[in-house]
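Protein chains: 2
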Amino acid sequence: METHKQLTIGLFGFGVVGEGLYRVLQQTPSLNARIKKVCIKNYGKKRNGPASLFTADKYDLLNDRDINVIVEVIDDADAAFTIVSTALKNGKDVVSASKKMIAGHLPELLELQQQTGRSFLYESAACASIPVIRNLEEYYDNDLLHSIKAIVNGSTNFILTKIFEEGLDFKQALLLAQQAGFAERNPQLDVEGYDAVNKWTFLLTHAYGIMERPASILFSGIQHIHAADAEVARAKRQEIKLVAQAQKLKNGKVAAFVLPQFVKQDDPLALVKNEYNGVVIESAFADKQFFYGKGAGSFPTASAILSDISALRYHYKYEYKKLNHHLPHELSNDFFLRVYISFDDASVIPRERFEWIEEWHAREGREYLVGVISHRELKSAEWWKENNVSLILAPDPVIEDLELRKLKRKSLELAGVL
Amino acid sequence: METHKQLTIGLFGFGVVGEGLYRVLQQTPSLNARIKKVCIKNYGKKRNGPASLFTADKYDLLNDRDINVIVEVIDDADAAFTIVSTALKNGKDVVSASKKMIAGHLPELLELQQQTGRSFLYESAACASIPVIRNLEEYYDNDLLHSIKAIVNGSTNFILTKIFEEGLDFKQALLLAQQAGFAERNPQLDVEGYDAVNKWTFLLTHAYGIMERPASILFSGIQHIHAADAEVARAKRQEIKLVAQAQKLKNGKVAAFVLPQFVKQDDPLALVKNEYNGVVIESAFADKQFFYGKGAGSFPTASAILSDISALRYHYKYEYKKLNHHLPHELSNDFFLRVYISFDDASVIPRERFEWIEEWHAREGREYLVGVISHRELKSAEWWKENNVSLILAPDPVIEDLELRKLKRKSLELAGVL
Chain A
866 METHKQLTIG
876 LFGFGVVGEG
886 LYRVLQQTPS
896 LNARIKKVCI
906 KNYGKKRNGP
916 ASLFTADKYD
926 LLNDRDINVI
936 VEVIDDADAA
946 FTIVSTALKN
956 GKDVVSASKK
966 MIAGHLPELL
976 ELQQQTGRSF
986 LYESAACASI
996 PVIRNLEEYY
1006 DNDLLHSIKA
1016 IVNGSTNFIL
1026 TKIFEEGLDF
1036 KQALLLAQQA
1046 GFAERNPQLD
1056 VEGYDAVNKW
1066 TFLLTHAYGI
1076 MERPASILFS
1086 GIQHIHAADA
1096 EVARAKRQEI
1106 KLVAQAQKLK
1116 NGKVAAFVLP
1126 QFVKQDDPLA
1136 LVKNEYNGVV
1146 IESAFADKQF
1156 FYGKGAGSFP
1166 TASAILSDIS
1176 ALRYHYKYEY
1186 KKLNHHLPHE
1196 LSNDFFLRVY
1206 ISFDDASVIP
1216 RERFEWIEEW
1226 HAREGREYLV
1236 GVISHRELKS
1246 AEWWKENNVS
1256 LILAPDPVIE
1266 DLELRKLKRK
1276 SLELAGVL
Chain B
866 METHKQLTIG
876 LFGFGVVGEG
886 LYRVLQQTPS
896 LNARIKKVCI
906 KNYGKKRNGP
916 ASLFTADKYD
926 LLNDRDINVI
936 VEVIDDADAA
946 FTIVSTALKN
956 GKDVVSASKK
966 MIAGHLPELL
976 ELQQQTGRSF
986 LYESAACASI
996 PVIRNLEEYY
1006 DNDLLHSIKA
1016 IVNGSTNFIL
1026 TKIFEEGLDF
1036 KQALLLAQQA
1046 GFAERNPQLD
1056 VEGYDAVNKW
1066 TFLLTHAYGI
1076 MERPASILFS
1086 GIQHIHAADA
1096 EVARAKRQEI
1106 KLVAQAQKLK
1116 NGKVAAFVLP
1126 QFVKQDDPLA
1136 LVKNEYNGVV
1146 IESAFADKQF
1156 FYGKGAGSFP
1166 TASAILSDIS
1176 ALRYHYKYEY
1186 KKLNHHLPHE
1196 LSNDFFLRVY
1206 ISFDDASVIP
1216 RERFEWIEEW
1226 HAREGREYLV
1236 GVISHRELKS
1246 AEWWKENNVS
1256 LILAPDPVIE
1266 DLELRKLKRK
1276 SLELAGVL
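For the record, the sequence lines run as chains A and B.
Anchor point for the first sequence: position 334 equals 1199 in the numbering used here, and the numbering is continuous, going up by one each time.
Anchor point for the second sequence: position 290 equals 1155 in the numbering used here, and the numbering is continuous, going up by one each time.
Because the hints were derived from the structure by calculation, they are not lab data.
Predicted model only: the values in this text are computed from it and were never measured.
Worth double-checking, as some hints may not be accurate.
As the list makes no split between identical chains, a pair holds if one copy fits it or if it spans any two.
Under the rule of at most 20 Å between Cα atoms (straight-line distance), these lysine to any residue pairs were calculated in the SDA-like manner [stated by the list, open to error]: (1) 1113 to 1149; (2) 1129 to 1206; (3) 1244 to 1222; (4) 1115 to 888; (5) 870 to 1193; (6) 1113 to 1012; (7) 1118 to 1179; (8) 1153 to 1163; (9) 1182 to 1002.
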């Protein structure tokens, strides 16, 4: 039977999440976790806690030998990295919620964990209340993990829901999201997909042992989605979601990207509304499994942090099994995507760069096409991010066997079906 | 870094699950798991595998020092217990899918795990493809776990779906379920709730450290549900599901039961159709989290078994944390349930045993009432299981503060609202 560790916590940040944590830990003595000191940036500000609890000097926490756990819920990625790395070096376990920091420094953070032997847990950094990291790390052997598809950004999903269900325009919906506290202080991080691709970066590590920088993953946000795209989706009885996706290819590598995608009614991701997140996992035999929960907001975040804290009592560590015990997977460039593209000016569309174009709808005002294009092209080109062009993936967008598809198309053409 | 264990497996049972496992392990060498011998009851039967693989003598597996893992997927609970306990005593790790056997022998099995230090994993025994045991064991500290509500029996859910969505009668729906392979050989086990309460017995251990026999949990199945009940549900725009539920009460104990329940449209469990299972977990802060996946059928079962097998490579064990590291919770008898009861003959309803009756609908043929009754009464009495009476819980059925509710009702009556 494992020993039961007594936790003395140094907390960085006392916003809604930080203060919520403080309250719950006071109310839950059985967790054996006590917050000894809280470091805050704005020291003058009035706080709901004894003055003796607070300090503005991070070393009051980082150098306190009595403190064996640092919990970090601040908004500044650079400051967070300094805090986390110093804490680990000083022999403390760390719980962090800073997805940007984690995505940007994962290799260094892994090395620090190995050097120091301390735990670094960050379940709250992806899908807040859904234990997705723990399940990928502990449950889904990557030889059995066929694909993972997820809505990982609550605020863009909130915005898309408001646009689709309440017919709001983008600006109104964004404002609502910010008022509800679901959008980052800088909405660009959410809206343009940075937050989603940051989360996807380390989820790929836990899913497949892939270790990449966010910049090496094909992604965009929802900023280019046009009102006309929503009409098209409605006509097809589909929805548009910002979907992070990864799936194993026959070549043994992994296709991964974060892009807007048309989602059919019978896809579990279609059920994910407002600030909720959802994860669909396909593994050998199991068909689809679906995890659903709140992905944004202070409470779900605090909840995941609490689970990490309670795991530290049992000396829990991520082992990065897919990286250390398996043959890690690599990202593939050799696949194709079926895309929907809408535009005002056909001349900005480089038709020659498509493998083929299946549909071309010239309409009043807004035209759109459906075609197949290589991942390489999208990764390197900029034209689909400019000139008021909107790119949305078709459902099941990944195409591996282009030759087969071409032959099939040819035969259909010959048969006069197309 | 942990050592990577090489697994040599002795497999009991070569039905769809067993044979499926054999094929996948052959196709996935990286799992480092090889099936050395398969024990089958019906030795004469032709099998898709080399004759040398099979034996009818269980000791060819249990006494083979070369075999370090026993996987057991047979249908006979008593035989399964002999196999599992002998295997553990002989120093082998064990993976089992026999929910009935586990529910009936959990105390002995825990003791055997402690004595032998071996792993005994059974994720496939509950909610097949959903990693519910692993999440309850590893992720949800029971101080943070407010409630868990689940559909754990795929065949009854399949039957209810067919009755509701395709208007089939019970017999037709049951036949379909059996044809599809979702019903136990003996349908009574599913239909009358035995399978569900068996699973709930050990899920309560992993959720709250509760260690009880199935007989001490209030349960029934769907066998008494009447066509008129489905009409009432439709009129309320609700569904009827067989729901296993457990929630913490203010007295620190846990209310737990497995009964048919009216489920509202906005309850995630309403999304669970056909043979799927669903689990809704409420924990501190997190609001609702929902896990959804296939709960019956050979492939989802095989998938969960594969995850257990791959976990053995890392020496994974259930620690029964809620039992060993926490103050285990107890079942409570001191709560009340809001119930719907339909019947042909009003004289069989003991009105005096209700706290109060809120509605009484006398209709052509089938009457029904809605009232509040104590858990004790339902636990001890038989009248609601006989005389063609049908009992279905109202949504959110648990009532703790009866006095408060009474006062509220009184005031409403005085106000002439009721």
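Hints and how they fare:
Only within a single protomer do residue 1113 and residue 1149 lie at most 20 Å apart by alpha-carbon distance; the minimum there is 12 Å, versus 36 Å between protomers. Taking the shortest Cα distances, residue 1129 and residue 1206 sit within 20 Å of each other inside one copy (18 Å), while across copies they are farther apart (39 Å). Proximity of residue 1244 and residue 1222 under a CA criterion of 20 Å is satisfied intra-copy only: 19 Å inside one chain copy versus 66 Å between copies. In this assembly of identical chains, residue 1115 and residue 888 lie within 20 Å of each other by CA distance solely across copies; the values are 19 Å between and 50 Å within a copy.
In this assembly of identical chains, the alpha carbons of residue 870 and residue 1193 lie at most 20 Å apart only when taken from different copies (18 Å versus 33 Å within one copy). Taking the shortest Cα distances, residue 1113 and residue 1012 sit within 20 Å of each other inside one copy (6 Å), while across copies they are farther apart (36 Å). Proximity of residue 1118 and residue 1179 under a CA criterion of 20 Å is satisfied in neither setting, with 35 Å inside one chain copy and 24 Å between copies. Within a single copy, residue 1153 and residue 1163 get their C-alpha atoms only as close as 29 Å, which misses the 20 Å cut-off; across copies the closest is 14 Å, which meets it.
Taking the shortest alpha-carbon separations for residue 1182 and residue 1002, both the intra-copy value of 10 Å and the inter-copy value of 15 Å come in at or below 20 Å.
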